[in-house]
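The listed protein sequences derive, respectively, from chains A and B. For the first sequence, my numbering gives the first residue as 1, with consecutive numbering after it. For the second sequence, my numbering gives the first residue as 1, with consecutive numbering after it.
Think of the hints as simulated: they come from the structure by calculation, not from any bench. Any given hint could be a false lead.
[As the list claims (entries may be wrong)] Using 25 Å as the maximum straight-line C-alpha spacing, the simulated DMTMM-like pairs for lysine to aspartate or glutamate come out as follows: (1) Lys91(A) / Glu167(B); (2) Lys155(A) / Asp161(B); (3) Lys155(A) / Asp208(B); (4) Lys379(B) / Asp327(A); (5) Lys60(B) / Glu30(B); (6) Lys155(A) / Glu156(B); (7) Lys155(A) / Glu459(B); (8) Lys155(A) / Glu262(B); (9) Lys335(A) / Glu210(B); (10) Lys91(A) / Glu314(B); (11) Lys155(A) / Asp518(B); (12) Lys91(A) / Glu30(B); (13) Lys213(B) / Glu237(A); (14) Lys379(B) / Glu237(A); (15) Lys91(A) / Asp183(B); (16) Lys91(A) / Glu363(B); (17) Lys91(A) / Glu459(B); (18) Lys53(A) / Glu363(B); (19) Lys155(A) / Asp155(B); (20) Lys214(B) / Asp327(A); (21) Lys140(B) / Asp155(B); (22) Lys155(A) / Glu30(B); (23) Lys91(A) / Asp160(B); (24) Lys155(A) / Asp216(B); (25) Lys155(A) / Glu154(B); (26) Lys214(B) / Glu159(B); (27) Lys148(B) / Glu167(B); (28) Lys155(A) / Glu182(B); (29) Lys214(B) / Asp94(A); (30) Lys335(A) / Asp216(B); (31) Lys91(A) / Glu156(B); (32) Lys172(B) / Glu30(B); (33) Lys469(B) / Asp455(B); (34) Lys53(A) / Glu314(B); (35) Lys155(A) / Asp183(B); (36) Lys155(A) / Asp461(B); (37) Lys155(A) / Asp47(B); (38) Lys213(B) / Asp327(A).
Each chain, letter by letter, is given below.
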Amino acid sequence: MFDFGKWTTAFNDLLLGVMPAWAATLIECVLIAVAILGAYTVLALFYILYERKLCAWFQCRLGPMRVGKWGLLQVFADMFKILIKEIISIKDTDKFLFRLAPFIVIISSVTMLACLPWGNGLQIINYNIGIFFILAVSSVGVLGILLAGWSSNNKYTLIGAMRSGAQMVSYEISLGLSIITIVVFAGTMNITELVMEQESAWFLFRGHIPAIIAFLIYIVAATAETNRGPFDLPEAEHELVAGYHTEYSGITFGFYYLAEYLNLFIVSGIASLMFLGGWMPFHVPGWDAFNNIMNYIPSIVWFVGKSFFISFIIIWFKWTFPRVRIDQLLSFEWKYLMPLSLANLILMAVFVALGWHF
Amino acid sequence: MSDIKEIISGICPEAEFVEGGESLQVNVPESKWHDFAKALHDDRRLDFDVLTAVVGMDWKESLGVMYYLTSTSRGWDILEVKVEAPDAKNPFIHTVSDIWKVALFQEREVYDFFGIKFINHPDMRRMFLRNDWVGYPLRKDYDADPAKNPIRLEDEINEDDTCSYVEDEKGKIKRVPGKVFEDDEYVVNFGPQHPSTHGVMRMRASVDGETIKKVDMVSGYIHRGMEKLSEGLTYPQILHFTDRMDYMSAHQNRHCLCLCIEKALGLEVPRRAQVIRVMMDELMRISSHLLAFGCTAMDLGATTAFFYGFREREQVLDIFEKTCGARMSMNYNVIGGVIADLHPDFQKDVKELIRIMPERLKEYHTLFTGNIIAQNRLKNVGILSKEDAINYAITGPSGRGSNWSNDTRKVRPYSIYSELKFDEVLESGCDSYARYMVRMREIEESCKILAQLVDNIPEGDIRAMNVPKVIKLPVGHWYQQVEASRGAFGVYIESDGTKNPYRVHFQSPCFNLIGVMDLCCQGYMIADLITIGAALDFVIPDIDR
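Extracted from the complex, chain A is given alone in its bound form (with noise of 0.2 Å):
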């Protein structure tokens, strides 16, 4: 398995041969932001295209197909749009908190994203409480959303903003439990531990039960979370038009909807980390001829394409199911997802206890 950490630890060295640590770390901090964001914005308009083009698929049609080879620049063109358009300030908005808003859900977005392992070394900061940092930060984009509702003086708005409130508040109860499921099963919260502990096989394979209990509620959670359909209540179209961004034009609205795609990507990529081994390859314990060959593909592949499939499966159901009721979800995650989530974690704190897991 190739270690990135040779290269950046290479980099590292020669940095601090000529010039003090401080430069160092400066220069690093910044190239690490530029590279963050960098990533931010490619996978944010790969997703948009995905996106499309598989919902294309489901519907029979074959989505953009004009700007570029299979439409492929069709998001720069929109992005480009984006940027260029007009700002609209409105009457008896809040301004400063209007302005705020998009800000706090990008800032959040943008650290979860910072925590992921994306490969072998590839890590930006290796926290001893790396997975509850990462949930810490996912609750700060919430705010932002309230933020936007009530700033926005809009009746659309304010309702958008508080079913966004009330859903998420709920839906991280049973995101976090069925993350401390793993938590519990891994022994650590560290992310490259978690990583390393799945070496021999993936979370959801050693754990079994109880490990594929919780990954099906951390799909339906996180779904949930990222506001996506069949819980897309919070912008719900055609309820409340464009819900909680209903009043943001030009790039602040573009900043909730590159958050949107990117919340995707991370909770796929938690999902990959917690339970399908981040950058870990596929290895079958005693099949020591097909893992070498499972770990001649790089590690960021494996990372990315696992999350890019656990999107799949989250898009896919976005686009065949309707949309719930905001009593109906609201009953879903405290009547049944939550108690769910409770009985997994004890199962798993029996499993675990008793040795019953690979």
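With chain A's structure known, arrange chain B on it following the hints.
Okay, now just chain B, sitting in the frame of chain A:
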């Protein structure tokens, strides 16, 4: 009929009978009207439980209303009641909206266009025009000078104000102001520009959290004044309006107007034309129900199902395009027949459609109907009891979803429908799901009708040979109903013997449908407002005629 006359004379000795028309007409003095109406509705022997049409009239010397009543229990007999307002300068008539709720909106329309005020009507606002509109456009002495009603650029003020007219003991009529919404209510506005009001409809919903307390329907944003325009045009010229009302029932609507004119002229339509008309009606119904399926799914957020419905609808539109030359506004029926013969591919295409539809319907049910989320969203939502459906005259698939048998093709057959084998689809759920399922099953029934006819299109003329060059209807009035895609569509024509109609009224099913939105939505959630609307399936141009 004669026994009805006796009963009516017993109840209201002042009633005068006019015979010679197509159905029994009763002239009632205004002072007796409300009691008489109550007796018509409550008396078991009469049992006129459906107010089919309310036609405002300006007879120059007086203003008044023609009421068309029907009894579901007594073979759908029609009774016409003519009520004249005593004072032509300041016309008042007692409301019947407490007896037949459908009159709540119908009388508002009459008020809007004729200025007849209805005593005791709870909400005497204009229906289509702005509150600051000057004059009543369907009156014969209306001044259409644009200077009186310029295009107003400012918002309407006092849109929450309403009023009612009550009569005190001495018979003096007093105006009582009222409010549509109180000041402290949280009113959410939907439309006229909104993704899912199915056109330029405006709904104002007073909400408590997410729960709806009251819905106020505001229409008129695309009203084209077809009834007024028709008065200045000849009969062949008004035909094309019908395609532009409910554009999803274009053929049926036009069929209705043609039938009405043919009835007045006593024209015999060739058999081939009748078969073609019925086939086109049923194709139109399929296309309309497919759109309804797609839109219901879309309004629930299942965008993919929408495309599936549209895929098959395209096929129907292709059939129309080949024969009629257009996909919408087909302009196909004409007085005495149809305008052009069938395209050579017609039979082949229809057979292909009948062949694929059963499996496609199965696919829809797999994709959408069977989905647990869709079921939870549609079942037990928007309850409309059978009594309410009758009282609000909700015909068509929406009424049949409340288990009310009201299919005009069955209860008052026209054209060749009496010879055809098909079932009237009824569901007893009374909810959005029942209405939705009626539509899905009606597609199958329409396919059945098409299958019976597709190989039995007789040879012959497509248009009656004896249609006069200049069409002048004899003096009199006629009312004709057909089963359009969304319910019973009626046309009322009053002729004074010239080549222009004296008065044309289109009784559209969708106008009654929006009348129950408030009733159906109360207590449900904002999200249900949209799905109830989708399941009732109103088309806005049919409301704003």
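Checked hints:
1. Lys91(A) / Glu167(B): Status violated; Cα separation ~47 Å.
2. Lys155(A) / Asp161(B): 22 Å, holds
3. Lys155(A) / Asp208(B): Cα-Cα ~13 Å, so holds.
4. Lys379(B) / Asp327(A): 15 Å, holds
5. Lys60(B) / Glu30(B): This hinted pair holds, its Cα atoms lying about 17 Å apart.
6. Lys155(A) / Glu156(B): 20 Å, holds
7. Lys155(A) / Glu459(B): 61 Å, violated
8. Lys155(A) / Glu262(B): 52 Å, violated
9. Lys335(A) / Glu210(B): Holds, at roughly 20 Å.
10. Lys91(A) / Glu314(B): Answer violated: Lys91(A) to Glu314(B) is near 44 Å, above 25 Å.
11. Lys155(A) / Asp518(B): 20 Å, holds
12. Lys91(A) / Glu30(B): 53 Å, violated
13. Lys213(B) / Glu237(A): 22 Å, holds
14. Lys379(B) / Glu237(A): 22 Å, holds
15. Lys91(A) / Asp183(B): 22 Å, holds
16. Lys91(A) / Glu363(B): 48 Å, violated
17. Lys91(A) / Glu459(B): This hinted pair is violated, its Cα atoms lying about 68 Å apart.
18. Lys53(A) / Glu363(B): Distance of about 22 Å is within 25 Å: holds.
19. Lys155(A) / Asp155(B): Answer holds: Lys155(A) to Asp155(B) is near 19 Å, not above 25 Å.
20. Lys214(B) / Asp327(A): 19 Å, holds
21. Lys140(B) / Asp155(B): 29 Å, violated
22. Lys155(A) / Glu30(B): Since the Cα atoms of Lys155(A) and Glu30(B) sit roughly 46 Å apart, the hinted pair is violated (cutoff 25 Å).
23. Lys91(A) / Asp160(B): With a Cα-Cα distance of about 24 Å, the restraint between Lys91(A) and Asp160(B) holds, given a limit of 25 Å.
24. Lys155(A) / Asp216(B): 17 Å, holds
25. Lys155(A) / Glu154(B): With a Cα-Cα distance of about 22 Å, the restraint between Lys155(A) and Glu154(B) holds, given a limit of 25 Å.
26. Lys214(B) / Glu159(B): Distance of about 15 Å is within 25 Å: holds.
27. Lys148(B) / Glu167(B): 32 Å, violated
28. Lys155(A) / Glu182(B): 17 Å, holds
29. Lys214(B) / Asp94(A): Distance of about 30 Å is beyond 25 Å: violated.
30. Lys335(A) / Asp216(B): Violated, because 35 Å separates the two Cα atoms, which is more than 25 Å.
31. Lys91(A) / Glu156(B): Holds, because 20 Å separates the two Cα atoms, which is no more than 25 Å.
32. Lys172(B) / Glu30(B): 15 Å, holds
33. Lys469(B) / Asp455(B): 33 Å, violated
34. Lys53(A) / Glu314(B): With Cα atoms ~22 Å apart, Lys53(A) and Glu314(B) stay inside 25 Å; holds.
35. Lys155(A) / Asp183(B): Satisfied, since the Cα-Cα distance of roughly 16 Å is no more than 25 Å.
36. Lys155(A) / Asp461(B): 60 Å, violated
37. Lys155(A) / Asp47(B): Cα-Cα ~47 Å, so violated.
38. Lys213(B) / Asp327(A): With a Cα-Cα distance of about 17 Å, the restraint between Lys213(B) and Asp327(A) holds, given a limit of 25 Å.
Hint compliance for this structure: hints 1, 7, 8, 10, 12, 16, 17, 21, 22, 27, 29, 30, 33, 36, 37 are broken, all remaining hints hold.
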